[in-house]
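Asker: Okay, here's what each chain looks like letter by letter:
Number of protein chains: 2
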Amino acid sequence: MPGKSSKISIIPLGGIGEIGKNITAIRYQNEMIIIDAGLMFPEEDELGVDIVIPEISYLTENSVRSQIKAIFLTHGHDDHIGALPYIWPHLKVPVYGTRFTLGLVGKKLAEHELADKVPLHPVQPRQEVTVGNFRVEFFRVNHSIADAAGLAIHTPMGTIVHTGDYKFDHTPVDGQVADFQRLASLGEEGVLALLGDSTNAERPGYTHSEKAVGATIEEIFRRARSRIILATFSSNVHRIQQTIDAAVRNQRKMVVIGRSVENVVEVAEELGYLKIPKGTRIPVEELAGLPASKTLILTTGSQGEPMSSLTRMAMADHRRVEIEPGDTVIIAAAPIPGNEKLVARTIDHLIKQGAEVIYEAVSGVHVSGHASQEELKLMLNLVRPRFFVPVHGYQRHLKRHAELARELGIPSENIFILENGSILDMGRDWAETVGRVPAGRVLVDGLGVGDVGNIVLRDRRLLAQDGILVVVITINKQTGQLVAGPDIVSRGFIYVREAETLLEEARGLVREALTGKNHQGPSEWSSIKSQVRDVLAKALFERTRRRPMILPIIMEV
Amino acid sequence: MPGKSSKISIIPLGGIGEIGKNITAIRYQNEMIIIDAGLMFPEEDELGVDIVIPEISYLTENSVRSQIKAIFLTHGHDDHIGALPYIWPHLKVPVYGTRFTLGLVGKKLAEHELADKVPLHPVQPRQEVTVGNFRVEFFRVNHSIADAAGLAIHTPMGTIVHTGDYKFDHTPVDGQVADFQRLASLGEEGVLALLGDSTNAERPGYTHSEKAVGATIEEIFRRARSRIILATFSSNVHRIQQTIDAAVRNQRKMVVIGRSVENVVEVAEELGYLKIPKGTRIPVEELAGLPASKTLILTTGSQGEPMSSLTRMAMADHRRVEIEPGDTVIIAAAPIPGNEKLVARTIDHLIKQGAEVIYEAVSGVHVSGHASQEELKLMLNLVRPRFFVPVHGYQRHLKRHAELARELGIPSENIFILENGSILDMGRDWAETVGRVPAGRVLVDGLGVGDVGNIVLRDRRLLAQDGILVVVITINKQTGQLVAGPDIVSRGFIYVREAETLLEEARGLVREALTGKNHQGPSEWSSIKSQVRDVLAKALFERTRRRPMILPIIMEV
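Chains as they are written, first to last, in this note's numbering: chain G, 0 to 556; chain F, 0 to 556.
For reference, chain G alone in the conformation it holds in the complex (with noise of 0.2 Å):
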């Protein structure tokens, strides 16, 4: 194909399940821009990780690092910023996003003691940042938390429009509507690819706009006679605000407990994005003072967490607060896809404890930040490219916003499913995938990045199933006779204490398996704790359909 040589590429990085969410590269001939560097979560078999990052092995290559001239964020939320403080320093370029995204990073930053060495540019939705041959440009949107981008991203080559994460709020809480304006001149002025959120391309219509929800705590505010405690997404500052307004017009002092959302609190109040009234807000010691109907307690916890400050108060265990008969709960969140469990738990222990509990199932105190297919639609209408990539969401959700690109008359061959490590290449009038590089996941554990990888997993997950049989025994280094041990310990696979004749059995067995043997030097012990092993694990698993690591040790004297 001619003009090859002079192509856009993209490639959406990170590891299975959602594609081009947390981090996305795209390159111009030889320059190369990031968007976002966000985190994921641990999934369920990987016990003991914090957090997830993306592999950027890829980015760190020593071509590719030299062609890196900046990172740009869309929005705020841990899974778009959150790997910033382990990226950035392998990659050390500016980094540029609207205001209150950049607050929120800093304050990641100074915990991971990066507050003075990265380069933070605060941009202006309307304002064009220029790196190389990129222009890139910033276009609000609606989303679940303030100050939430899109990128217009123009190169010599054509512009590719990145929605961020998206809806469209016709009456936002701060009246800053999405820039319909601007996106429907870049649909006149031409787009070459549309990358668009797809987390809700299953849902039907249109997603409500975060004003219902003030409207629903407004009306619990005025309902409730007793003490209001509220949980929710920590980030979500049109949400609190509203929470903050009910609270005044009902007389309510609040109290903020949690540290993510006293941190958020404190940003957004510095920056001007919250407006909290002198003497609405007092600190907790004061809160006992009070009677309960004048009190709000705004706090952590919407996802049932277990160390959370709303989970601690459900199980009777917060230092600070004990629930009270006749107190009203919002959980105004949905359970994010994992948590359901947590959540019912939490609200399960509040009612227990006689609180009437308010959460999404039952009334409108959550609507998604996501938009819905009519608003896919519109987006695909306003801006009219002639590629389309769905990103943000799993395999099944692209499919279905790539069938909406159909339906509205995008030719299939111009749409492009991709996986992360995916490398799509562009010109004017050409599309196509082009091979794949490095991509995935690595595990933060503590301090540790990517240090833990399969085999350390793979002992957790059989440590969690049925514990360990630890063998020691002493050897004459001389003789190789046993001079000390069998010694067994166990831990998580049966309570000792009534297990007394088993483990007796176990030593014994062991003592067979060495009897009559004359072992000498390191070579024959592998064989003979595969022998221990073999010994062990066979008789335990029929006495008890168990499977414990079993843990031979060998001590020379």
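The hints are simulated quantities; they were obtained by calculation from the structure and are not laboratory data. Errors might be hidden in some of the hints.
[Unchecked claim] Calculated from the model, a selection of chain F residues having no Cβ within reach of chain G, i.e. all distances over 10 Å:
(1) V63
(2) L90
(3) R224
(4) E268
(5) R385
(6) Q394
(7) D444
[Claimed, not checked] Distance condition first, Cα-Cα at most 20 Å in a straight line; then the derived PhoX-like pairs of lysine-lysine:
(8) K277/G with K252/G
(9) K351/G with K398/F
(10) K252/G with K274/G
(11) K277/G with K293/G
(12) K68/F with K106/F
(13) K476/G with K476/F
(14) K116/G with K68/G
(15) K252/G with K293/G
(16) K293/F with K277/F
(17) K91/G with K68/G
(18) K277/F with K252/F
(19) K398/G with K398/F
(20) K340/G with K340/F
(21) K398/F with K376/F
(22) K116/G with K106/G
(23) K340/G with K398/F
(24) K293/F with K398/G
(25) K68/F with K116/F
Glycine included, C-beta positions come from ideal geometry on N, C-alpha and C.
Fit chain F to the given chain G structure using the hints.
Answerer: Below, chain F without anything else, positioned relative to chain G:
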């Protein structure tokens, strides 16, 4: 209160979570019957646990044990019959249920080598069983399994109606509509108390008929041009029947893959609950010889269970079936709370392999088996009980069901939300909760029933989180001198090859902790152990921010 010496007691057993779901005791004077004997599922933090059964220590007390006359089963779902093999040997009383229920029970008992020991008595709907002072009458209800029944328990003090799991289906697949007539006449005769299924108490309106699923499945069969793979709950014989009917009408042959569905199909066909026209079901070996458009695979895995057939197919890990582009996969089920992510993952993998996947969120391939609000109201108005006890649900469902009952005019003081272990006593015109009996969860792991307790679980959680570090030292028992070690072995903590310096450092710290001390005798060893533990825990946390379990072992020679 007069007459309290003669009373009925209602005692739901089982652990936290759903109330009165798995097993309930009902006593009149000194005679007791048991309703259902079901199992629960392990919570996420009950690591390695296979199933959970209700604690029955109360029932096995001598004085209570001798009162128990019989076990009545409402229907054949595992959460109502699955604990019978564990519970029956302690009670050894006759078991009553409908034919299909007992067919499934028989399979289960056989697996526990109890097949010929348990006296199983089949009962027809409208049939009565007299045991002591109880006359127990089975009445037909609709549910997501064949032959589901509720119980009208007649005692000299009055009648208790227990709905079992139910919905009202006006067009059931087997034509057996719930027994409105009998329920109405029970209401006319007078019902002392109703125990009613609350599972869907939060859902407004009516639950759809199972027939609606059949229509959707038929439509999918008509459109499909290649192979169809359908996974549903194994015990939903009606859905399986509708699938078979669609296969026959569309000239497809059926293969059944997956142990649980094979079991159910066998029992159901034998007892006449499933009609499979001759030649429709073929052995899996014949699959390859047929055109894809002429085949149906009925299988397990609608919950994304990791070891199930559908999940293995999705992961390209099934020995018999490979997913091919063009396959239509129908997941005719909704995810049970907690399984959402597993199901989502399965769907994603199937789509990636090119299958068209049809699941609940995008089509009507599932309806609930439980009554929604309008049906709950109908049940209450048919039965017109004096006292109402919402059961089968979490606190929030019971509370909502109670609200519905109040809206229908049942006075608050006649409605009782119990916990498992609560005793509700009642006479003809009074009722009150009068205390508690032991009730809880007994964990089953392999062959061990109840031997996995808090300590074992706590250890498994610790091991799952950050693994284990075993520190072995050998000490001369005369001199107290270190003669071998410290040897350190870790599992699930850190990838050892990349952590040699860390472990070397750890060995140094242990040596240091032992130096200059002349330890003699086991009395001092526990202090050595805790010193080793403390020193290592602190150092490892500082270096890695992880807290592996540290297990010091001292060998003496």
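Asker: Would you list, in rising numerical order, the hints stated earlier that this structure does not obey?
Answerer: 6, 7, 12, 19 and 24
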